[in-house]
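K.L.:
Spelled out from the first residue to the last, the chains are:
Number of protein chains: 2
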Amino acid sequence: MSVLYDRVALIGLGLIAGSMAHAMRRAGLAGEIVGTARSAETRAIAEEIGLVDRVTETAAEAVEGADLIVLAVPVGAMAAVAEDIAPHLKPGATITDVGSVKAAVVDAVAPHVPDGVHFVPGHPLAGTEHSGPQSGFAELFDHRWTILVPLEGADTDAVARLRALWEGMGAFVDEMDMDRHDLVLAVTSHAPHLIAYTMVGVADDLRRVTDSEVVKYSAAGFRDFTRIAASDPTMWRDVFLTNKEATLEILGRFTEELFALQRAIRTGDGDQLFDYFTRTREIRRGIIEAGQDTDAPNFGRAKGG
Amino acid sequence: MSVLYDRVALIGLGLIAGSMAHAMRRAGLAGEIVGTARSAETRAIAEEIGLVDRVTETAAEAVEGADLIVLAVPVGAMAAVAEDIAPHLKPGATITDVGSVKAAVVDAVAPHVPDGVHFVPGHPLAGTEHSGPQSGFAELFDHRWTILVPLEGADTDAVARLRALWEGMGAFVDEMDMDRHDLVLAVTSHAPHLIAYTMVGVADDLRRVTDSEVVKYSAAGFRDFTRIAASDPTMWRDVFLTNKEATLEILGRFTEELFALQRAIRTGDGDQLFDYFTRTREIRRGIIEAGQDTDAPNFGRAKGG
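Sequence order for the protein chains is F and L.
Going letter by letter, the first sequence gives residues 1 to 305 in the working numbering.
Going letter by letter, the second sequence gives residues 1 to 305 in the working numbering.
Hints are computed from structural coordinates only; laboratory data are not their basis.
Nothing here was measured: the structure is a model prediction, and the numbers come from that model.
Glycine residues also receive a C-beta, built at the ideal position from the N, C-alpha and C atoms.
Treat the hints loosely; a few may be bogus.
Chain L residues, not near chain F, derived (Cβ > 10 angstroms throughout) [as the list claims (entries may be wrong)]:
| no. | residue |
| --- | --- |
| 1 | 6 |
| 2 | 84 |
| 3 | 111 |
| 4 | 113 |
| 5 | 175 |
| 6 | 192 |
| 7 | 229 |
Partner residues are not named here, just some residues of chain F that face chain L (Cβ under 7 angstroms, in silico) [stated by the list, open to error]:
| no. | residue |
| --- | --- |
| 8 | 45 |
| 9 | 189 |
| 10 | 197 |
| 11 | 217 |
| 12 | 220 |
Far from chain F, by Cβ distances over 10 angstroms, these chain L residues were calculated [unchecked claim]:
| no. | residue |
| --- | --- |
| 13 | 28 |
| 14 | 129 |
| 15 | 152 |
| 16 | 178 |
With the sequences and hints as input, model every part of the structure.
P.N.:
What follows is the structure in structure tokens.
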């Protein structure tokens with residue numbers, strides 16, 4: 001692969017930005033990778049592990065002369081960062097972001113983007129429950145989808161180049177408008193996360209079932225919830241506050257269905273339960289066929305344990 | 001390891017019984033393993049893949065002369081099987097089961113157990129979303145917990161021998177009374193399963209978000225729910241119908257908490273969300289420390305994908 005951007009500036013150095021640094025290096029996609037983070041500790045770790053070529057103290061310094069700027073901070077911090085860097089952007093540069101919601105990011109960032117700079121919002125659908133500069137790895141985006149959300153009248157060359165970058169980092173790329181993105185993600189990510197957080201919170205509250213029992217016997221299903229519910233609290237607070245409408249709509253639908261199944265349990269309607277559980281099995285098959293998971297029989301279990 | 005039972009009869013040949021056959025062979029724990037299943041197709045597959053030493057057409061034949069009888073059928077079928085085999089049991093034999101609920105199994109089975117036969121209910125907390133005789137594998141129980149639920153006045157030798165069998169198959173073993181088992185499992189398994197089934201059903205219903213989008217973008221969280229929601233429908237119908245009270249109690253708590261978090265989203269109370277999400281992160285740490293999951297950064301992703 002050849003270099004797509006002579007200089008890339010990563011604003012924020014968490015799991016996603018860190019994985020981007022690894023993935024860009026793996027494929028030689030960037031001439032120089034500059035990075036910055038608000039926390040001095042994060043910057044020090046990034047420096048120590050050589051995560052990027054150069055760590056700067058401020059975002060303004062980082063974007064100086066950069067051809068691509070990646071906003072990889074929590075959604076709630078995007079507006080302030082955009083305002084901060086605006087005067088320092090190189091004409092013709094592209095700004096993108098990796099936020100989990102898109103309409104709110106566009107609202108926060110677009111007003112600050114100067115003429116002659118291209119803003120192409122994006123969202124890589126990949127992650128783990130880990131955060132911080134040491135949590136990144138080059139394979140995070142391999143065979144996972146990244147959604148680009150070009151705004152009306154977007155520069156086609158700028159969009160094409162950003163798409164090539166994501167493909168070079170191993171991702172599949174799709175384009176979508178921002179409202180559809182936010183609805184699709186409310187279903188596939190935001191509502192499931194809130195539900196997982198809630199169930200783990202309930203288990204924690206139930207003093208009748210001690211922590212140690214919940215932990216010891218977690219392999220029976222609960223464990224998958226705890227993995228989801230261990231994700232970064234700041235990021236997820238911002239997701240829910242900024243994709244409020246779609247998330248609440250899906251949660252409303254969820255509660256309605258849950259009540260119907262609870263009633264089936266209470267009244268002993270085994271047929272309704274059986275039919276429902278049979279239908280949900282089909283979706284799983286689709287995910288495995290689409291290559292987004294594996295059906296290996298001991299999947300999800302630690303090697304040798 | 002030495003032989004603990006000269007003849008073991010497996011009634012039902014699904015994931016758990018199949019894995020027991022593999023695990024018993026791995027450690028040489030049984031002299032002969034006999035198996036049966038209600039479905040002729042299941043019996044034919046078991047025969048073809050050599051899952052057990054001998055396949056019989058009926059449960060009555062299978063238990064003839066057996067020292068250990070394992071009831072590995074859905075909870076709703078336990079009473080009929082117990083009644084069926086009762087006249088054919090060898091004096092001094094032990095009956096156990098692998099059902100996911102315990103009070104209902106005791107109610108269903110205990111009345112049929114003849115004098116001189118030991119009934120020691122059990123529940124291995126292990127599984128995958130696969131079912132059927134070809135889904136078993138020897139490592140399923142390794143480093144996972146099996147809970148034994150000895151009844152009042154249980155024969156201590158019979159309990160100790162069954163414990164040794166599970167340990168020989170790789171499991172950790174705990175003892176617990178049946179009501180506590182059913183409550184703990186409602187938290188760690190039954191409620192999470194119903195919630196996952198519900199969320200997957202909601203996604204399936206939302207025609208505005210097409211199946212293909214839900215499937216493509218599932219890696220963002222939803223995927224973990226689909227794995228849980230792909231579990232055997234018959235087994236899970238019976239679990240909910242027979243552990244009704246505890247499951248409904250936990251679901252009631254869950255709904256209460258979910259409403260509180262929904263309100264926090266609606267009113268924009270970021271602090272409440274942040275605090276909640278921080279607390280749930282701790283539980284995850286406990287599970288990793290207890291060896292019930294791994295924190296490898298690319299955990300849960302297919303090799304090379």
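K.L.:
Are the hints correct? Go through all of them and say.
P.N.:
Here is how each hint holds up against the structure:
{"no.": "1", "hint": "6", "verdict": "holds, 30 angstroms"}
{"no.": "2", "hint": "84", "verdict": "holds, 21 angstroms"}
{"no.": "3", "hint": "111", "verdict": "holds, 21 angstroms"}
{"no.": "4", "hint": "113", "verdict": "holds, 26 angstroms"}
{"no.": "5", "hint": "175", "verdict": "holds, 13 angstroms"}
{"no.": "6", "hint": "192", "verdict": "violated, 4 angstroms"}
{"no.": "7", "hint": "229", "verdict": "violated, 4 angstroms"}
{"no.": "8", "hint": "45", "verdict": "violated, 15 angstroms"}
{"no.": "9", "hint": "189", "verdict": "holds, 4 angstroms"}
{"no.": "10", "hint": "197", "verdict": "holds, 5 angstroms"}
{"no.": "11", "hint": "217", "verdict": "holds, 5 angstroms"}
{"no.": "12", "hint": "220", "verdict": "holds, 4 angstroms"}
{"no.": "13", "hint": "28", "verdict": "holds, 20 angstroms"}
{"no.": "14", "hint": "129", "verdict": "violated, 7 angstroms"}
{"no.": "15", "hint": "152", "verdict": "holds, 22 angstroms"}
{"no.": "16", "hint": "178", "verdict": "holds, 15 angstroms"}
Figure legend: structure checked against the earlier numbered hints; hints not met, in rising order: 6, 7, 8, 14.
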